[in-house]
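A.B. asks: Got chain A; can you put chain B on it based on the hints?
Protein chains in written order, with my numbering: chain A, 1 to 802; chain B, 1 to 112.
No lab work stands behind these hints, which were simulated from the structure alone.
Among the hints, a few may not be true.
Partner residues aside, some chain A positions facing chain B, computed with beta carbon under 8 Å [claimed, not checked]:
1. Ser2
2. Thr427
3. Glu631
4. Leu633
5. Gly723
6. Thr727
7. Asp757
8. Val759
9. Gly769
Pair by pair, the computed Cβ-Cβ distance ranges are [claimed, not checked]:
10. A:Ser713 to B:Asp102: 16 to 22 Å
11. B:Asp102 to A:Glu753: 31 to 37 Å
12. B:Glu104 to A:Met175: 39 to 45 Å
13. A:Leu679 to B:Asp102: 34 to 40 Å
14. A:Ile637 to B:Glu104: 42 to 48 Å
15. A:Ala754 to B:Glu104: 48 to 54 Å
16. B:Asp102 to A:Ala629: 52 to 58 Å
Built from N, CA and C at the ideal position, the CB exists for glycine as well.
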Amino acid sequence: MSWLHLIVLAPFLATVFIPVIHKAFPKLHIGWAVLPLPIALLISLLSQIGKVSSHVSVEASMPWIPSYGIYFDVYLDGLSMLFALLITGIGTLVVLYSIYYLDKHKERLQAFYVYLLLFMGAMLGVVLSDNLMLLYMFWETTSLASFLLIAYWTQREKSRYGAQKSMLITVFGGMAMFAGFILLYVMGGTFSIRGLVEQAPHIAGDPLFIPALVLVLLGAFTKSAQFPFHIWLPDAMEAPTPVSAYLHSATMVKAGLYLVARMTPIFAGQAEWFWLVAGFGLFTLLWGSFSAVKQTDLKSILAFSTVSQLGLIMSLLGVGSLAVLYDAADERLFYAAVLAAVFHLFNHATFKGALFMVAGIVDHETGTRDIRKLGGLMSLMPITFTIAVVGGLSMAGLPPFNGFLSKEMFFTGMLKVLEADVFALETWGILFPIIAVVASVFTFVYSLMLVMRTFLGKLQPEKLEKKPHEAPIGMLIPPIVLASLVLLVGFYPNLIAHSLLEPAVSAILPNLLAPGDHFETHISFWHGWTAELFMTMGVVAVGLLLVLTLRRWVSLYDHLPQRLTLNRLYDGMLLGLQRGSSKGTEAYMSGSLRTYLIYIFLFFILVIGGSLAFIQPTLQASGYAPLAAYEWLLGLILAGAAAAIVLVSSRMSAILAAGAVGYMVSLYFVILRAPDLALTQLVVETVSVALFLLCFYHLPKLRRDMNRVRFQSVNFLIAIGVGAIITILTLAVQGVRPFDSISDYFIANAHDEAGGDNVVNVILVDFRGFDTMLEILVLGIAAIGIYALIKLRLGGDYREHQ
Amino acid sequence: MELLMAILIGVLFMVGTYLILTRRLLRIVLGTLLLSHGAHLLLMTTAGLKRGAPPLLGEEAAAYADPLPQALILTSIVISFGVTSFILVLAYRTYKQLGTDDMEQLRRQEDE
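Just chain A, same shape as in the assembly (with noise of 0.2 Å):
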């Protein structure tokens, strides 16, 4: 146990005093209990900044199943302190937040507290840990947490169907991430990252590497909502504010990216391993800022265009990997692309934060969330307002805000990919920039839609539902800070260029770096005339004409097919599935004794016929016992009694049939030199016989004549059959005798070992007598049964016919 263990383990021990807290003190609220823990964490993170910038990572190990290979591994790199530091101090603003944003008079708060604490434990130790399994095992707590926070309304109907949907989404995601986890495992012997990154090449031509690389993707993909699996998050909207800001903006829908990024050194320099992440980042970049222009809440426009940064982060990882196959030879034209996805990863959380909780001032102040509704409110809330502009400026990538400064970054990597000529880029790589401009183009639009359709333009008053104000100091704060690391980063970029970005770039790319070497970042805002400063003129350009024109255009997309969405598509699958599940149980489940009987015979004639038919077993001819002419008589009269029992139609005739059977078995016996037996089977059968008719016989006059059974051929084949194959079963193994029969040993022993002359009854009450113990048990439970049966009447409604 060491400090790192317990910067993961502190989140999830705080949780249990939480509770006791809230019982103890139940005037405070309980948020100022847990803020204290964020800034610990966060404290305690920083004063290791030092040793990770200069290239130095901290690690510990604890031994937890230590005979599958499952170590509670920590690590702290750059890759890994950049996430903890997000985590952990967009953790403490969200708590702060949250102490104004909930009231603690409405609202169970103990819970929400504890369901955000094992969040943040578990997040960190997605970021920290080195062990696969471990990873796993903190990936669904995540989701776990996720869902249990979307979920905190749990009066609400939506707040449940948005619960549910991410949890299988994101949970579908895991399982696959899982799955591959175990191929790399089969791979490379060993479930420590680090372990696996120094057999990379080795891995690289396995046959499992491609279904590895493919399985680790999905759990990166639907964790960070990239297209088709997006569809989860806007529906996580239905969180409480706070929570969208931490969970669904900063922290957890990074950890797919975190998964790429880590995975980066294993997988990279495949182009399976390029298409998928540039080209799945792409598609969800372009699908997440179209979609965004349409939507009227804000959370959702917040939403989506978080889906479509998150694609943006993730394709500059994609194009970041082909520094695997470049970068060797020191031209590092690709390693711009991983300091612009880490760069643009810490500026999202930054400013996505920032406007989530603008979103939840809106509408915590006004109690409406809809942008058609809002509108005028710059004067009312002027802190608010900057604060959005800062963040919405900063989202549409203009200067002087940290948005710019990634943007540019970003168009650098997406031009970059035109001087590629692997993996057919040749061909395609000029798709890059132009779906880049393209969906930069669209992120102006909303950005700046959503800033001036809420707070300027005209107020609307009579809509809504609270006289705006300026929302209190404690829940300005946090979004304040958020927005002053906007502008800190945006002017000087440097601050953390040296001491986060480099160290998380070189925890990505190792392989390229001589050992004691490291990356030389340099961000300036000024740097000259560039292509892609003329591309974010023609973006402001273009995004201005659509902004002034939108209410001419936005109108287009009500043309889009409603019928074809996600969501639909989704909905029907999960319908589908559901309906088709239960007409195929109703459709074999038929309630029916018979159709059950049915299958089971059915199997056993299959079952023991086919393995007949395959081992086709010689039937003997002769060396049978001799066969008496009376014995032929007796098995004339059984076989008849049997047929008889279906033939007549008066349950008398029938009950005494199955007696005659009873009695030829027993004259059988006789035959066969088993005078127990018979003994037996007479006194049984007569009993029985007896039983049938105190049962049946006496009965009311209630249907006493039973009819002729009707013939149904069906049955009447099904029975053949099970006939027929045992008396093929009966013949195939006469003769065949492996070994001895153990009776010898009975017949030779009885006397002198039992001291008894009848060998069946020493072997049943000597050698083996606890078969008659348990039998005489049977029997004794039997005859309990039999009257409760007749003696117990319990709950007294059944309807008696007597």
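C.D. replies: Using the frame of chain A, we list chain B on its own:
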């Protein structure tokens, strides 16, 4: 003799199966009875037929019939008797309570 026994066992199984597949409770119980007869004879036959005197040592015979399957069958007879009588009483109770011995009418009713 084995051939005859095999055919008889087949007939017992066939009739038992056919009875079990019918709708009346009584016939189903009779079917289980026939199936157990078939199983007992099967045990007897597969152990070998008529290979000596009854397994009573006082007989002083050179060879005895195999006593082990007889012990097994004896146990089985008693157990199947216990089970049969229980099913019989169960069928009787069912008939009394629900007024029918038709398996198709004994399904779980939707309104209960």
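A.B. asks: Give a verdict on every hint.
C.D. replies: Hints, one by one, checked against the model:
no.	hint	verdict
1	Ser2	violated, 60 Å
2	Thr427	violated, 64 Å
3	Glu631	holds, 7 Å
4	Leu633	violated, 11 Å
5	Gly723	holds, 3 Å
6	Thr727	holds, 3 Å
7	Asp757	holds, 4 Å
8	Val759	holds, 4 Å
9	Gly769	violated, 11 Å
10	A:Ser713 to B:Asp102: 16 to 22 Å	holds, 20 Å
11	B:Asp102 to A:Glu753: 31 to 37 Å	violated, 55 Å
12	B:Glu104 to A:Met175: 39 to 45 Å	holds, 43 Å
13	A:Leu679 to B:Asp102: 34 to 40 Å	holds, 38 Å
14	A:Ile637 to B:Glu104: 42 to 48 Å	violated, 33 Å
15	A:Ala754 to B:Glu104: 48 to 54 Å	holds, 53 Å
16	B:Asp102 to A:Ala629: 52 to 58 Å	violated, 44 Å
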